[in-house]
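Peer 1: Here is what each chain is made of, one letter per residue.
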Amino acid sequence: MKFLRDQVDKLKPTFSEGGKLSFLHSTFDAFETFLFVPNHTTKNGSHIRDGIDLKRTMFIVVIAMVPALLFGMWNVGHQQSLALTGTDGDLLGNFWVGLLQTLPIIIVSYAVGLGIEMGFAQFRGHPVNEGFLVTGMLIPLCMPPDVPLWMVGLATAFAVVIGKEVFGGTGMNLLNPALTARMFLYIGYPSSMSGDTVWAALPEGASTVDAYSGATALGNLASASSAGEGWSNSLLQGGSIMPAFWGNIQGSIGETSVVAILIGAVILIAAGVGSWKIMASTFLGGLFMGWIFNISGGGGAWMDIPAFYHLIIGGFAFGAVFMATDPVSAAQTETGKWVYGFLIGVITVLIRVFNPGYPEGIMMAILLMNVFAPLIDYYVVQSNIKTRLKRVQA
Amino acid sequence: MGKNVKIKRGLDIALEGQPENNVYSVDSPATFAVKPKDFKGLIPKLNVKQGDEVKAGDCLFTDKGNSSICFTSPVSGEVAEIVRGDRRAIMEVKILADSEVSYKSFDTSGYATKSRQEVKDLMLEAGLWPFIVQRPFGVLADTDVEPKAIHVSGFDSAPLAADLDITLKGEEANLKVGFEILKKLTDGAVHLNLHAKKSKEVYAQVSGVEINTIDGPHPSGLVGVQINKIDPINKGDVVWTVKPQHVAFIGKFFATGTLNLEQTIVVAGSEFKTPAYYKTRLGAAVNTLVDSNLKQDNVRIISGNVLTGDKIATDGYLGFSDNQLSIIPEGDQYELLGWLIPSYPRPTLSPSLPISKFLKKTFKVNTNPHGEPRAYVVTGQYEKVMPMDIMPQQLVKAVMAKDLELMENLGIYEVIEEDMALCEFVCTSKINVQQVLSEGLELMAEES
Numbered sequence: 001m002k003f004l005r006d007q008v009d010k011l012k013p014t015f016s017e018g019g020k021l022s023f024l025h026s027t028f029d030a031f032e033t034f035l036f037v038p039n040h041t042t043k044n045g046s047h048i049r050d051g052i053d054l055k056r057t058m059f060i061v062v063i064a065m066v067p068a069l070l071f072g073m074w075n076v077g078h079q080q081s082l083a084l085t086g087t088d089g090d091l092l093g094n095f096w097v098g099l100l101q102t103l104p105i106i107i108v109s110y111a112v113g114l115g116i117e118m119g120f121a122q123f124r125g126h127p128v129n130e131g132f133l134v135t136g137m138l139i140p141l142c143m144p145p146d147v148p149l150w151m152v153g154l155a156t157a158f159a160v161v162i163g164k165e166v167f168g169g170t171g172m173n174l175l176n177p178a179l180t181a182r183m184f185l186y187i188g189y190p191s192s193m194s195g196d197t198v199w200a201a202l203p204e205g206a207s208t209v210d211a212y213s214g215a216t217a218l219g220n221l222a223s224a225s226s227a228g229e230g231w232s233n234s235l236l237q238g239g240s241i242m243p244a245f246w247g248n249i250q251g252s253i254g255e256t257s258v259v260a261i262l263i264g265a266v267i268l269i270a271a272g273v274g275s276w277k278i279m280a281s282t283f284l285g286g287l288f289m290g291w292i293f294n295i296s297g298g299g300g301a302w303m304d305i306p307a308f309y310h311l312i313i314g315g316f317a318f319g320a321v322f323m324a325t326d327p328v329s330a331a332q333t334e335t336g337k338w339v340y341g342f343l344i345g346v347i348t349v350l351i352r353v354f355n356p357g358y359p360e361g362i363m364m365a366i367l368l369m370n371v372f373a374p375l376i377d378y379y380v381v382q383s384n385i386k387t388r389l390k391r392v393q394a
Numbered sequence: 395m396g397k398n399v400k401i402k403r404g405l406d407i408a409l410e411g412q413p414e415n416n417v418y419s420v421d422s423p424a425t426f427a428v429k430p431k432d433f434k435g436l437i438p439k440l441n442v443k444q445g446d447e448v449k450a451g452d453c454l455f456t457d458k459g460n461s462s463i464c465f466t467s468p469v470s471g472e473v474a475e476i477v478r479g480d481r482r483a484i485m486e487v488k489i490l491a492d493s494e495v496s497y498k499s500f501d502t503s504g505y506a507t508k509s510r511q512e513v514k515d516l517m518l519e520a521g522l523w524p525f526i527v528q529r530p531f532g533v534l535a536d537t538d539v540e541p542k543a544i545h546v547s548g549f550d551s552a553p554l555a556a557d558l559d560i561t562l563k564g565e566e567a568n569l570k571v572g573f574e575i576l577k578k579l580t581d582g583a584v585h586l587n588l589h590a591k592k593s594k595e596v597y598a599q600v601s602g603v604e605i606n607t608i609d610g611p612h613p614s615g616l617v618g619v620q621i622n623k624i625d626p627i628n629k630g631d632v633v634w635t636v637k638p639q640h641v642a643f644i645g646k647f648f649a650t651g652t653l654n655l656e657q658t659i660v661v662a663g664s665e666f667k668t669p670a671y672y673k674t675r676l677g678a679a680v681n682t683l684v685d686s687n688l689k690q691d692n693v694r695i696i697s698g699n700v701l702t703g704d705k706i707a708t709d710g711y712l713g714f715s716d717n718q719l720s721i722i723p724e725g726d727q728y729e730l731l732g733w734l735i736p737s738y739p740r741p742t743l744s745p746s747l748p749i750s751k752f753l754k755k756t757f758k759v760n761t762n763p764h765g766e767p768r769a770y771v772v773t774g775q776y777e778k779v780m781p782m783d784i785m786p787q788q789l790v791k792a793v794m795a796k797d798l799e800l801m802e803n804l805g806i807y808e809v810i811e812e813d814m815a816l817c818e819f820v821c822t823s824k825i826n827v828q829q830v831l832s833e834g835l836e837l838m839a840e841e842s
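In order, the protein sequences belong to chains A and B.
According to this note's numbering, the first sequence is numbered sequentially starting from 1.
According to this note's numbering, the second sequence is numbered sequentially starting from 395.
Incorrect hints may appear among the rest.
Pair ranges (Cβ atoms, derived) [stated by the list, open to error]: (1) B:Asp609 with A:Gly299: 26 to 34 Å; (2) B:Glu475 with A:Gly19: 37 to 45 Å; (3) A:Arg391 with B:Asp609: 19 to 27 Å; (4) A:Phe34 with B:Ala598: 24 to 32 Å; (5) B:Gln444 with A:Arg391: 29 to 37 Å.
List time: in silico SDA-like cross-link candidates among lysine to any residue, alpha-carbon distance up to 20 Å [to be verified]: (6) B:Lys637 with B:Val693; (7) B:Lys578 with B:Thr537; (8) A:Lys10 with B:Tyr728; (9) B:Lys434 with B:Val533; (10) A:Lys20 with A:Phe95; (11) A:Lys390 with B:Ser832; (12) A:Lys43 with B:Val693; (13) A:Lys43 with B:Asp480; (14) A:Lys43 with B:Ser832; (15) B:Lys542 with A:Gly357; (16) A:Lys43 with B:Glu656; (17) B:Lys673 with B:Glu656; (18) A:Lys43 with B:Lys758; (19) B:Lys563 with B:Val417; (20) A:Lys386 with B:Lys578; (21) B:Lys758 with B:Thr537.
Stretch by stretch, here's where chain B covers chain A in the computed footprint (C-beta under 8 Å, at least three residues) [as the list claims (entries may be wrong)]: (22) 38–51; (23) 64–71; (24) 166–172; (25) 264–278.
No lab work stands behind these hints: they were computed from the structure.
Being a predicted model, the structure only gives us computed values, none of them experimental.
Every residue, glycine too, gets a C-beta built ideally from N, C-alpha and C.
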């Protein structure tokens with residue numbers, strides 16, 4: 001440790017004010033504080049502080065995404081194998097294919113995002129904030145495996161600059177930056193983000209086996225509903241809900257496996273980092289709305305699908321666990337979190353059932369509720385104010 | 395009838411260096427000091443100059459805004475030095491103490507029949523008035539108002555805090571007189587708030603006050619929390635608070651006619667060799683206590699507790715209202731990947747540091763903040779340690795935005811810095827909550 005510290009101290013003047021590389025000060029500072037917790041001490045006020053900090057908090061979220069990421073890597077290879085040969089492929093081979101496909105997306109996301117963050121930090125004279133550690137991983141996980149790298153870069157840049165930095169950086173943004181990136185591509189390049197052909201990453205010019213269908217359950221359900229057809233299990237991939245639960249189906253890289261996502265949820269909740277209230281209320285909201293449609297009934301496949309299937313198919317679980325719980329863009333009051341999550345669940349199912357243009361609703365629902373979160377908080381705060389005022393009258 | 399309150403939110407931080415229950419005497423230090431910055435909102439006007447001889451109870455300086463409020467010498471001796479800081483602000487008035495304290499005498503005979511004004515005048519002259527803290531804002535009490543109520547927290551729940559059963563042992567009669575005097579200051583109630591499960595022996599003789607009980611972890615002992623639960627402060631209300639050791643001072647003064655500020659304090663913390671209780675006097679230099687009693691040199695000496703106290707030097711002075719010295723190691727060391735793999739246990743509210751949470755009963759805590767300041771990201775954290783019906787993070791944000799109306803609506807009148815010290819402790823973003831709140835309180839005080 002001493003040796004490492006000496007090396008850092010030797011480098012420090014070069015990056016400090018007046019040094020040759022002082023224009024990289026914030027970047028150096030980010031790496032230095034990554035390696036070493038600074039030797040600062042408290043002044044007055046509370047002389048002792050909790051062991052938790054933002055680095056650790058953000059890192060735990062990244063850890064929580066690892067199961068979904070690893071599964072996603074395997075699944076990318078698995079889906080390619082299914083499309084090209086009609087066979088399952090072997091475990092390591094699938095993983096290797098997926099790794100080669102996924103890693104560049106992750107690298108582009110982090111390189112572009114952190115590059116911009118460090119630039120902004122330097123320009124503003126701020127330290128680099130850890131928020132992008134999470135965003136940088138969320139973006140690849142919510143992309144289709146076949147997404148072109150330049151799109152990832154462009155969307156990341158858009159999300160960081162317009163979604164976050166124009167508001168003042170991490171902690172100030174209104175919308176979830178990762179979803180902002182996805183939304184940007186969804187609207188700008190819809191053919192690369194949805195449809196039947198984007199869910200398997202195939203080598204150029206390769207053709208799929210005849211039996212292969214690239215359609216997702218969401219797509220099937222949407223077209224069945226518009227055709228006025230009723231619900232049947234055959235609309236799901238594999239003909240049952242279990243593949244959607246385990247995750248060996250088509251979808252965005254990290255969203256398919258509910259099991260992997262639930263492991264992440266357990267990590268987030270156990271570490272006290274993710275809000276269990278938001279997760280629980282989002283699932284409850286989806287279940288509630290699905291159930292309402294069930295009992296009203298008769299309106300086609302989307303209305304008649306068993307309510308809890310809504311929570312398993314598509315990106316519902318991924319959104320509820322990793323996107324809706326972003327503390328900055330979510331409701332910040334404890335009561336507000338229940339309302340915020342519940343409405344995300346409700347709106348997700350509403351969009352799925354009623355909007356033929358968008359087969360998936362979770363992204364829209366979360367972004368919409370991001371916008372409304374301050375309003376929810378406003379009313380919660382007002383109720384606290386009202387009880388205080390009532391006291392005076394009493 | 396008093397109220398029985400139970401709070402759930404809060405945090406007891408168990409630190410190494412818990413005091414043993416013995417009371418020791420140490421040599422009386424050579425110098426004593428009164429520090430104007432111990433009083434919020436005070437602009438001191440000197441009454442003495444260097445070289446003047448004073449008795450215990452002689453006025454050293456008064457408040458420029460209200461010259462009837464005297465700040466008196468805790469001992470007799472010579473004014474040794476008037477220490478000035480930035481812009482010549484008076485930092486300390488130091489007294490070189492006589493070997494035997496001689497007291498100025500006051501006519502307190504027949505105090506039981508004295509009127510409110512007579513009692514007030516005596517308290518003002520003897521320097522007892524500054525023991526009263528006025529809310530909102532935690533400032534010197536206004537001599538012209540009658541408070542809605544006076545609250546005394548009968549126990550201290552802060553980390554390493556003194557057990558008042560030990561520090562106030564033998565003061566039972568003085569406490570009784572002190573509460574009699576407090577009752578003269580208001581037509582409203584005088585509340586004595588006791589811990590539901592701790593011994594109440596020292597208050598056995600006190601009568602005619604509202605006894606409330608409160609149960610739960612720190613900050614249950616903070617008078618602000620108790621007021622919020624028992625009889626909250628609304629806009630326009632004025633409430634006074636007095637610490638029990640100061641009630642004893644007031645009682646002793648009226649019983650004897652002299653200002654005798656001897657007190658028992660607790661000296662604790664991992665870097666102090668013999669954590670225990672010590673007899674000393676208000677305003678005493680701490681050097682006779684800490685010299686040759688520290689385990690190492692790189693320590694922080696805090697007058698008060700680790701959450702709210704003031705950093706002082708090894709030759710500094712005990713703060714005016716403190717009955718506690720906390721001595722902990724400084725944390726000015728780099729820690730390799732400390733945010734990821736902490737190299738030593740540390741107290742935390744976060745379950746993400748399980749080892750530090752479960753394997754240790756008490757912590758050797760230092761002054762490293764364990765991270766750098768950041769913008770707010772995490773939410774729902776302050777609420778876990780804030781038992782008051784207040785939205786802490788929203789209040790802090792309102793202060794940051796200098797939104798006076800919102801601050802008022804969110805209950806800034808009910809809190810002073812110490813009430814939000816735990817929020818500052820748990821903050822992931824390492825925001826200096828008490829400093830922010832202090833600025834807000836100052837702003838509100840100016841505007842109202």
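Peer 1: Which hints, by number, does the structure contradict?
Peer 2: Checked against the structure, the hints that fail are numbers 1, 4, 5, 6, 10, 11, 15, 16, 20, 21, 23, while the rest are satisfied.
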